[in-house]
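Okay, here's what each chain looks like letter by letter:
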Amino acid sequence: MSPPAVSDAQLIARVLVQDDRHAFGELVRRHQSTVRACLRKLTCGNAALADDLAQETFLLAYRNLKSFRQEAKFSTWLYRIAYNAFLADARKMKESTLPDNLEPEMVEDVAEPAPVARAATLKIDLERAMAVLSDEERAAIVQCYHNDLSHEEAARVLGCPVGTVKTHVFRAKQKLRARLGAWAPAE
Amino acid sequence: MMSKDTQPLASDDWLEQALRADARDHLAAYLPDDGFTARVLGQLPRPAAVPAWRRTFVFALWAIVAVAVLAALPIWFDDVFRNAAALIVGQRFRLSDLAMLLALFGAVTWSALFFAARTE
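Note that the protein sequences, when read in sequence, are chains F and D.
The first sequence begins at 0 in numbering that gives the first Met the number 0 and counts up by one.
The second sequence begins at 0 in numbering that gives the first Met the number 0 and counts up by one.
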């Protein structure tokens, strides 16, 4: 894909100087897919909630655009706002709902399906297993793998030290390995 | 695609591959806008604009001030002119003083013109 004629920085400048709504609309159009997809991962596939949070993310981005210092990429800044919106919502949900003891099903036996079907089944199991992770662990996996950020960038998004990101990724993978044990090749 | 820092370990190679495959699908998938941008733009706060009645009010206020200044101006002008004339008439000027004054005035004018016409 060829780079856009107008850069994000130019669009941001137009929004800040002239309050150009069209420029902000272009920014939303460019980044809506990645932000919504990232939030879908964080909310374990809840598309409606992810879209609500994405909307909130862009509104917050508009209000706080002055504080964006262009040190990081605009998308990284958006991921940070999206993650904070997700955390705030998760906290609200925890306060308003009673804790349930429903544990996601453990992946027990995996029959030997065809390779394509096997990959699809593993993908579904992986998505289910992601729900077992804590919000922080899931966010670390999403930023490092799905958003393809380095540990430093992920640390900036998650607002924690790099070491903590590495620990979250390590623990997340331990949990996933335990959950998806049936998929491990026989030694 | 993969995070630059994530080193796959031999023991969890299968998990690493599964996460990579999932990440590849995630990065490749594009969510169509489906009116999302329009919804966001619809939620933005309205642009700050001066209401029509306020513009008229401000204009009327300035008009009143302008009329008041214009009405008072002849009196002020008369006062200033009389004082200046009294000051000048009260002084004893020699021809050399006047010449000096003219030279000074000319120098200031030419300097100002030169400064204004200079190229950056």
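No lab work stands behind these hints, which were simulated from the structure alone.
Don't take every hint at face value.
To be verified - On the chain D side, residues computed to face chain F include the following (Cβ under 10 Å): (1) D21; (2) P44; (3) A106.
Unchecked claim - The calculated label-pair distances, taken between Cβ atoms and stated as ranges, are: (4) G158/F x A111/D: 57 to 67 Å; (5) K65/F x A111/D: 53 to 63 Å; (6) S32/F x P46/D: 49 to 59 Å; (7) A111/D x K72/F: 48 to 58 Å; (8) L15/F x L100/D: 33 to 43 Å; (9) L64/F x I74/D: 14 to 24 Å; (10) V5/F x G41/D: 42 to 52 Å; (11) L64/F x D77/D: 52 to 62 Å; (12) I74/D x N63/F: 54 to 64 Å; (13) G44/F x Q42/D: 53 to 63 Å; (14) L15/F x N82/D: 16 to 26 Å; (15) E70/F x R54/D: 18 to 28 Å; (16) R90/F x A62/D: 53 to 63 Å; (17) H21/F x F104/D: 51 to 61 Å.
Virtual Cβ for every residue (Gly too), placed ideally from N, Cα, C.
Okay, the hints, checked on the actual structure:
Restraint check, D21/D versus chain F: the minimum CB separation of about 6 Å is within 10 Å; hint holds. Using the Cβ-Cβ criterion of 10 Å, the hint placing P44/D at the interface with chain F is satisfied: the shortest such distance is roughly 8 Å. Residue-level restraint check for A106/D is violated (minimum Cβ-Cβ distance to chain F is 44 Å; threshold 10 Å). For the pair G158/F and A111/D, the beta carbons lie near 59 Å from each other, so the given range of 57 to 67 Å is met.
Distance hint check for K65/F and A111/D: the Cβ-Cβ separation is about 41 Å, which falls outside the suggested range of 53 to 63 Å. Taking the beta carbon of each, S32/F and P46/D are about 27 Å apart, not inside 49 to 59 Å as hinted. Between A111/D and K72/F the Cβ separation comes to about 52 Å, which falls inside the hinted range of 48 to 58 Å. For L15/F and L100/D, the hinted distance range of 33 to 43 Å is not satisfied, since their beta carbons lie about 53 Å from each other.
Range check, L64/F to I74/D: Cβ separation about 53 Å, and the 14 to 24 Å hint is violated. Taking the beta carbon of each, V5/F and G41/D are about 23 Å apart, not inside 42 to 52 Å as hinted. Taking the beta carbon of each, L64/F and D77/D are about 57 Å apart, inside 52 to 62 Å as hinted. Checked against the hint of 54 to 64 Å, the pair I74/D and N63/F passes, with Cβ atoms roughly 55 Å apart.
The hinted range of 53 to 63 Å is not satisfied by G44/F and Q42/D, whose Cβ atoms lie roughly 24 Å apart. In this structure the supplied range 16 to 26 Å is violated for L15/F paired with N82/D, their Cβ-Cβ distance being about 52 Å. Range check, E70/F to R54/D: about 41 Å between beta-carbon atoms, so the 18 to 28 Å window is missed. R90/F and A62/D have their C-beta atoms about 57 Å apart, which keeps the hinted 53 to 63 Å range intact.
Restraint check, H21/F to F104/D: a C-beta distance of roughly 55 Å satisfies the suggested window 51 to 61 Å.
The structure is inconsistent with the numbered hints 3, 5, 6, 8, 9, 10, 13, 14, 15, although it conforms to all the rest.
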